Every structure is written in C-alpha cells, then in structure tokens.
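Assembly of the complex is requested from the two constituent chains, each provided in isolation within its own frame, with the hints serving as guidance.
Protein chains in written order, with our numbering: chain A, 1 to 263; chain B, 1 to 183.
Simulated from the structure, these hints should not be mistaken for lab results.
Nothing here was measured: the structure is a model prediction, and the numbers come from that model.
Just so it is clear, CB atoms sit at the ideal spot from N, CA and C, and this is done for glycine as well.
Fair warning: there could be bad hints in the mix.
Interface residues of chain A toward chain B, partial, derived using beta-carbon atoms under 10 Å [stated by the list, open to error]:
hint	residue
1	114
2	119
3	130
Here are the chains, one letter per residue:
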Amino acid sequence: MSDNLNSGLDSTATFSIDGRRVPFEAGQTILQAALAAGVYIPHLCNHPDLKPHGSCKMCTVIVNGRNGSACTARAMPGLEVENDTPALNDRRRVLLQMLFVEGNHFCPGCEKSGNCQLQALAYDLEMLAPHFRHAFPARVVDASHPDIWLDLNRCIMCELCVRASRDLDGKSVFMLAGRGTNSRVVVNSPSGLLKDSALTIDDRAAHICPVGAILPKRVGYAVPIGERQFDQATIGHQVDYLAKRTIPIRPVAAETAAATEGN
Amino acid sequence: MNAPHELPQKLRIATTSLSGCFGCHMSLLDIDERLLELATLVEFDRSPITDIKHCGPCDVGLVEGGVCNAENVEVLRELRRNCKVLVAFGACAITGGLPAQRNNREVTQCLTQIYRTDSGEVAVPNDPELPLLLDKVYPINEIVRVDYFLPGCPPSGDTIWKFLTDLLTGRTPRIEHPLLKFD
Chain A
1 MSDNLNSGLD
11 STATFSIDGR
21 RVPFEAGQTI
31 LQAALAAGVY
41 IPHLCNHPDL
51 KPHGSCKMCT
61 VIVNGRNGSA
71 CTARAMPGLE
81 VENDTPALND
91 RRRVLLQMLF
101 VEGNHFCPGC
111 EKSGNCQLQA
121 LAYDLEMLAP
131 HFRHAFPARV
141 VDASHPDIWL
151 DLNRCIMCEL
161 CVRASRDLDG
171 KSVFMLAGRG
181 TNSRVVVNSP
191 SGLLKDSALT
201 IDDRAAHICP
211 VGAILPKRVG
221 YAVPIGERQF
231 DQATIGHQVD
241 YLAKRTIPIR
251 PVAAETAAAT
261 EGN
Chain B
1 MNAPHELPQK
11 LRIATTSLSG
21 CFGCHMSLLD
31 IDERLLELAT
41 LVEFDRSPIT
51 DIKHCGPCDV
61 GLVEGGVCNA
71 ENVEVLRELR
81 RNCKVLVAFG
91 ACAITGGLPA
101 QRNNREVTQC
111 LTQIYRTDSG
121 EVAVPNDPEL
131 PLLLDKVYPI
141 NEIVRVDYFL
151 PGCPPSGDTI
161 WKFLTDLLTG
171 RTPRIEHPLL
181 KFD
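Isolated chain B (complex conformation) (with noise of 0.2 Å):
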C-alpha cells in the first residue's frame, strides 16, 4: 500500500559558480570516468555544464565561489529556493576564499586602484548591466542557509566523487583524511 508509485527518477542536480574560477568545476570534471556513472544517477539543471540559464526544482545544488556582487545574491538565493539540499563546494564558498582577500579593503580603494590608467586617470566602468559589488566577499553561509560543506581548494576528484555518492545513496556525507583538505 505505501509501495512507491513509480521507481525513483533520476535526482536533479545544479550547478554554479559565483566569485570563483570554475576551479571546483574542474575537479567535478576530474572524477574522470565515474561522471559515466554519475549520468546514470543524475541529470544537471542549471549549471555550466548544460548551459541552462535559470533553475528549476532541484535535489541538489553545487555553489561554488563566494558571493561578491550583487547578481551573486540573486543566483544563489534562486539556487536556495530550488535545491532541496544546497552544498558549498569548495573553500571560496566556504570561506570567501581568493576574492576574499580585498575584504580589509574599501571597495572605492580596491576599484580606485584597479581604473586607474597610467596617467593617473581613473574610470571605473558604471553601466547599469553590472552588477554591483557587495561591501565584501561573502562566504555563502552568511547570506542563505547550507546543508553541507565541501571543503577544498578544489575539492579533489575523489572527495567529490566520495560526497556525492554518500549524498545520492542517502548516507550522511563524511569527509574525512585523507580526502578533508583546506588547500
């Protein structure tokens, strides 16, 4: 009687990288092979693999980067409101990670510095079209709620592949040494 209706489909997962360098991207790529096996477990929604725009409901969500601009804010929150279970992937959305780095500086400072052309000229770009950065780079914790963290700068082949496969076969992901790394 409580026998499910139809088998399981395959779960939904997104995907995207905010204030980062696609590097956790990357290492999803790298777990070489298994992404075969992956396929059969999952489909991809949004994400720079499908080149899908915007996200329909979703299991999971990979965010990967920190959030520092105001479009940022707006994919992340749309990536909340979809994903049943939303992952930090990799330390940039951690912890803000690289982009971070600017956080001790004012952001007029940091944009001042940048445009400023070699004589002495500065034109910071203002076109309506960009979006605006935040104060600070911000870990994506502090702006929504996570369900899990996936450290690593990026996290390896092998710790992804570990997390995901705990995640889809309803273990609780443990990540643990050697496979925990901050760097």
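Bound-form chain A, shown alone (with noise of 0.2 Å):
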C-alpha cells in the first residue's frame, strides 16, 4: 500500500494545459489528470469508471502541435497540450452541431433537459443553434421495459451504455449495430424489446446515459427544470462532478423523495 503511494508520488511529473502545469500519475491519461487538477476539457463519451473510447472527440486538444483525444493520449513529461482556445471551441461547437442536426434532441420535450451532457456541453461553448440542415431521421422508442425508457431519437452513440453494460454490470444489453446514417443502439433479447433483454433498474448501463436516450421512468420531473445539474453552473465550472461522476438523475430524486417522506 505504501509502496504504491511511494511510487506514484515518485512518478508524478507534470506537463502543461494551455501553460499552466498540471501533475499527473503514471498511467493517467491526459483527460484524467486535467479532471483530477481541476482543468475541464470538453467531453462527452468518457466515463471515469470506463475504459476510454475516444470517439465523440469532442476532447479533441492539439498535443505538442498535434491533435489528439484528451482521453486516449496518455499523460507524458514535459508535453505542451493546447485546449481552452478559439480555434479548438470552434470545433468542438461544429461537433455539437453536427450531433444535435443528426438526431431528434428536442430539449423542450425532454426529461434530461438540464442534466443532459450534451445540452450543457453546447451551453458552455455558447452554441445559439444547430446551424446545420436537420436531418429529422425516423428512430425508434422503445418502452416495453416497466422501469427503463430507451428513446433512439436522442442518442448520440457514445456506446457508454454498451460498454457499461458489458463491463460494469457483465450483461451485454446494447450494441451498436449498422453502419454510417444508419448506425443506431440495438438491443440484445431474442425480440429486440427492452423488456426481453437482462437490463434491470439497478444495472449502471440503465443510468449511464448522458443524453436522454436511456432514462428510468417514473422520476421524470421529481427535480424540477431550473434546478438541475447544469442549471447550477456551467459544466465548464463541474470539474468535480465530471471527475467522480456519480449517477446524476436517480440518487437526486430519491433524496428528494426520501426528503418529502421525512417531512
């Protein structure tokens, strides 16, 4: 034990985040140990508790003059990481644009508005519009299941869920299945259906979603619009909830449901 503190304390370097020096351990990746110092780098398909995946790109920073994802590309001395810029931003909001045209996300409409990744991401990169031409495609609900709302229109295909699925709860519910436009979240039961497939209510892929497409129902609006997650802050400013990430939607409401039960 204290040998493993030992050697992390003597391998921690440091390599720097838009000039300010930021120490890592070894191991971490540059995502990781930005988080851990409290620098926010913009992301979306990383998760603390999951292997990195390196495909939104939304972390996307340029690494001793060359891009790379922040949560892929291991943490090394000395190296020169540019994030926080214009130019970066500018991508990352094209990025946003592309996701919100591509799918339905109809932030009015929808229950995770307010605690949705994808919304609070575009708040914090000032994103007025989509820009793009809507695709408007035709996607799939699917609320066979008594606990768990899977709703195609709103996901971006991160595969949080999938491999939440596979590696946390060892369950494999989701895959992603097609390809290009027509790549999309199928479901492992012998109908397709959420209610034929292992998924329970207590399984982390059923809360792992960052956008609205897998949602447990029956909490919809126990938080109340306005009161939510990123209506705090900006997630710009909730390094630390980005960094431990607990399950946003469901321990919230049951505290306030328990709080309604004690009074």
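Pasting the structure below:
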C-alpha cells in the first residue's frame, strides 16, 4: 500500500495545459490528469469508470502541435497541450451542431433537460443554433421495459451504455449495429425489445446515458427544470462532478423523495 | 461635416409568430416594466401587439415559430425583405420545435389521422383559403438567412432583455449562462 503510494508520488511529473502546469501519475491520460487537477476539457463519451473510447472527439486537444483525443492520449512529462483555444472550441461547437441535427434533440420535451451532457456542452460553448440542416430521422422509442425508457431519437451513439452493460454489469444488453447513418443502438434480446433483455433498473447501464436516450421511468420531473445539475453552473465549472461522476438523475430524485417522505 | 443631420429615430421592430404558440411573445411581455423603457427605444411595426398586418422597412424582426405551411413561408420572406436584422426568436424558430415532432411522419398520415371522425370517415379540410402544409416543419434558417438566434422555450424575459439591449445599443448580443437555455 505505502509502496504504491510512494511509487505514485515518485512518478509524479507535470505537463502543461494552456500554459498551466498539471501534475499526473503514471498511466493517467491527459483527460484524467486534467480533471484531477481541476482543469476542464470538454468531453462526451468518456466516463471515469470505463475504459476510454476516443470516439466523440469533443476532447480533441493539440498535443505538441498534433491533434489528439485527451481521453486516450497518455500524459507524459513535458507535454504542451492546447485546450481552451478559440479554434478548438469552434471545432467542438461544430461537432455539437452535427450531433444536434443528426438526431431529434428536442430539449423542451426531454426529461433529461438540465442534466444532459450534450446540452450542457452546448451551453458551455455557447452554441446558439444547430446551423446545419436538420436530418429529422425516424428513430424508434422502446417503452416496453417496466422501469426504463429507450428513446433512440436522443441517442448520440457514444456507446457508454454498451460499455457499461458489458464491462460493469457483465450483461452486454446493448450493441451498436449498422453503418453510417444507419448506425443505431440495438438491444440484446430475442424480440429486440428492452423488456425481454437482462437489463434491470439497478444496472449501471440504465443510468449512464449522458443524454436522454436511456431514462429511468417515473422520476421524470422529480427534480424540476431549473434546479438541475447544469442549471446551477456550466459544465466547465463542474470538474469535480465530471471527475467522479455519480449517477445524476436517480440519487437526486431518491433523495428528494426521501426528504419529502421525511417531512 | 460628417455629423448626423438629425437625431437618431426610434428603431422599428417587427415581430411575428409563425408555427409557434405565442409563448415567446408572452415572454417578451414578461420583461414587465422594462417594456416602458423599451418603448422609448423602439417602435413596433407589424406585430401581434400592434395588429398591423404587413411589415414596412424595419431595423429588427423577431420571428417566433417554425415554418409549417405556405403562409408561414410568405410571412417569413416578407420579414426578411424588410428587416435589416432578422432574429430566430425561441426554440421553434431555431429547431422547428414542438410542431416539428410530426417531421418523421408523412403529412397525409398526420391529416388522415387527425381528421378521422368516430365513424372512421376522413374529412380533411380543403378550402382554398387554407394555407397548404409543407412536407416538414422547418427551422426558419432553412428558408431564409438569419442574423441572430435567441434560444429558449421560451427565452426568459431577462434573456430577451439582455439580447435586445445588446442589439439596440450596438453591442454584439451575447447570451450565456444562466440566460442560455434550450428548455
């Protein structure tokens, strides 16, 4: 134990993000080290409990002059990382706009509004409009499960549910199928419906969705709009939350319910 | 020599609601007593507030709602022609919003379902005075050029006030936390 701690301290070195020195431990990625040091790098498909995926490209930074995903690039001594620059943020905004027009992201009608990471990034990067032509795709809603909604209109295909179900729950309930614009999340069950899958409300996969595609039922507006995670402060000011990332919706709702019962 | 010949006139504002719920206009009224201050800066042209039916030359046009039928297209183009600055005012103008939830269904399917009587008879209204529906509900920037976007469902009174005062006093409007909301 103490050996590990010492070796951790021995190997601690620093690199720079936008000129600020950031310490890191051996094996950490740039994103992990940044979040641990309280430096915000925008990201969507990364989760502290899962292996990095490197697919959303929101966390793209410039490392020693080259583009790289902060969630997959290892922190190394002396790296010079550019992160919060107008050029990178412009690119991130365009990525967000493409995600918004690719699905049906109707914030005023979504239970996740205020807790949604996609929306929070758009607020933080001051995305005022989706700019591109809306695709308005026809996507499926699966309401068959007694406790969980699956609304693919809002899916951004970050595969967090796929990874959480496989790596944390050991169930492999979700999978990404199809190619290009036909890509979609499919459910591992004989009927293809969520009710016939092994997914239960206690699974991590049921709560890990950063958008409103997978939602627990019957807690929708337990926490009112305006009092939610990203209503308090922009996501860029919630680095602690991003580094630890407890499940946003259910515990808050459960606490509220408990508090109401207590009263 | 380059001094203006006369004092600046009041700016003219036109507003309209296309395929919207007038919620954004209600939110405009929700700037409360600041309306009096606004009235010293601007004059309203075509607007549900003045009930003027057609738009003259204006400085600013606020367009609420998406574009769902032929009449919406005409009104939107009239505003674009006449307004120096056109603003997509609220979620529906920017994304299509609630009316756009019909967008992944056929118009025929929507109409025959809505105008089906209990006996199963379908009677879709077909009066020449009724504007024809478009195949989809479009955000206004997919029909005309838009200068500024003011998100929110509706944008709050404070958001509208920040935006208008920025615009009317010659600053580049900036909407950020906590005024920037999509819901």
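Do the hints match the structure? See the list:
no.	hint	result
1	114	7 Å, holds
2	119	6 Å, holds
3	130	7 Å, holds
Consistency note: the structure conflicts with none of the earlier hints.
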